[in-house]
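Given only the sequences and the hints, what does the whole structure look like? Please build it.
2 protein chains.
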Amino acid sequence: MAVEVVYRSSRDPERLFMDKAEADRHDKMLELAESLSVVLHRAVPSLNEEQVEELGIYMAKNRDIFARAFKNQPDALGELNGSGDE
Amino acid sequence: MAVEVVYRSSRDPERLFMDKAEADRHDKMLELAESLSVVLHRAVPSLNEEQVEELGIYMAKNRDIFARAFKNQPDALGELNGSGDE
Numbered sequence: 001m002a003v004e005v006v007y008r009s010s011r012d013p014e015r016l017f018m019d020k021a022e023a024d025r026h027d028k029m030l031e032l033a034e035s036l037s038v039v040l041h042r043a044v045p046s047l048n049e050e051q052v053e054e055l056g057i058y059m060a061k062n063r064d065i066f067a068r069a070f071k072n073q074p075d076a077l078g079e080l081n082g083s084g085d086e
Numbered sequence: 001m002a003v004e005v006v007y008r009s010s011r012d013p014e015r016l017f018m019d020k021a022e023a024d025r026h027d028k029m030l031e032l033a034e035s036l037s038v039v040l041h042r043a044v045p046s047l048n049e050e051q052v053e054e055l056g057i058y059m060a061k062n063r064d065i066f067a068r069a070f071k072n073q074p075d076a077l078g079e080l081n082g083s084g085d086e
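Sequence lines, in order, name chains A and B. Oh and the first sequence: position 41 is 41 in our numbering, straight run, nothing missing. Oh and the second sequence: position 57 is 57 in our numbering, straight run, nothing missing.
Any given hint might turn out to be false.
Derived DSSO-like pairs: lysine-lysine, alpha-carbon spacing no greater than 30 Å straight-line [stated by the list, open to error]: (1) A:K71 - B:K71; (2) B:K61 - A:K71; (3) B:K20 - A:K28.
Ranges of calculated distance between the beta carbons of each label pair, as one might list FRET restraints [as the list claims (entries may be wrong)]: (4) A:K20 - B:E50: 41 to 49 Å; (5) B:R11 - A:R25: 34 to 42 Å; (6) A:E14 - B:K20: 30 to 38 Å; (7) B:A2 - A:K71: 16 to 24 Å; (8) A:S10 - B:L16: 36 to 44 Å; (9) B:D24 - A:G78: 40 to 48 Å.
Derived from the structure by calculation, the hints contain no laboratory data. The beta-carbon is built from N, C-alpha and C at its ideal position, and this holds for glycine as well.
Structural data, given as structure tokens:
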């Protein structure tokens, strides 16, 4: 037995990472997801909490594709397949 | 009286523009909005048609801000104020 270092995002304390960079990425993803949820909920108030959370996380997980789509490649969205992740 | 040229997007035939570039911008905005609606609906099936349409149009109208937010400036979302447009 030995003591070891693990990392986690304070936004999601249950998820532990052995690698700090990975924990950082997870934290940044959740940060973006939260901000997205707030603005989308303000824009479409009929959405419920769960829906805005799902939208935020989905888009934040796929941020590179959405970045390209919003910049000037709407076709990039075609890379998002049914799966809904990564 | 005289004949004049007006422009419109086939995606929104009711809206006429005197300026072709403006009609183009409107068409591109609607194109992006439609693609967004499709992927968001697939990602969060509990959304209804009206909600995904509103989300798509809102994000497409604010595409520059979302492009920056997804790229590397999540804070850009702070520029979106309650109004929901432009």
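Hints, verified against the model:
no. : hint                      : verdict
1   : A:K71 - B:K71             : holds (9 Å)
2   : B:K61 - A:K71             : holds (12 Å)
3   : B:K20 - A:K28             : violated (41 Å)
4   : A:K20 - B:E50: 41 to 49 Å : holds (43 Å)
5   : B:R11 - A:R25: 34 to 42 Å : holds (37 Å)
6   : A:E14 - B:K20: 30 to 38 Å : violated (54 Å)
7   : B:A2 - A:K71: 16 to 24 Å  : violated (41 Å)
8   : A:S10 - B:L16: 36 to 44 Å : violated (52 Å)
9   : B:D24 - A:G78: 40 to 48 Å : violated (22 Å)
When the structure is compared with the earlier hints, violations turn up for hints 3, 6, 7, 8 and 9 and for no others.
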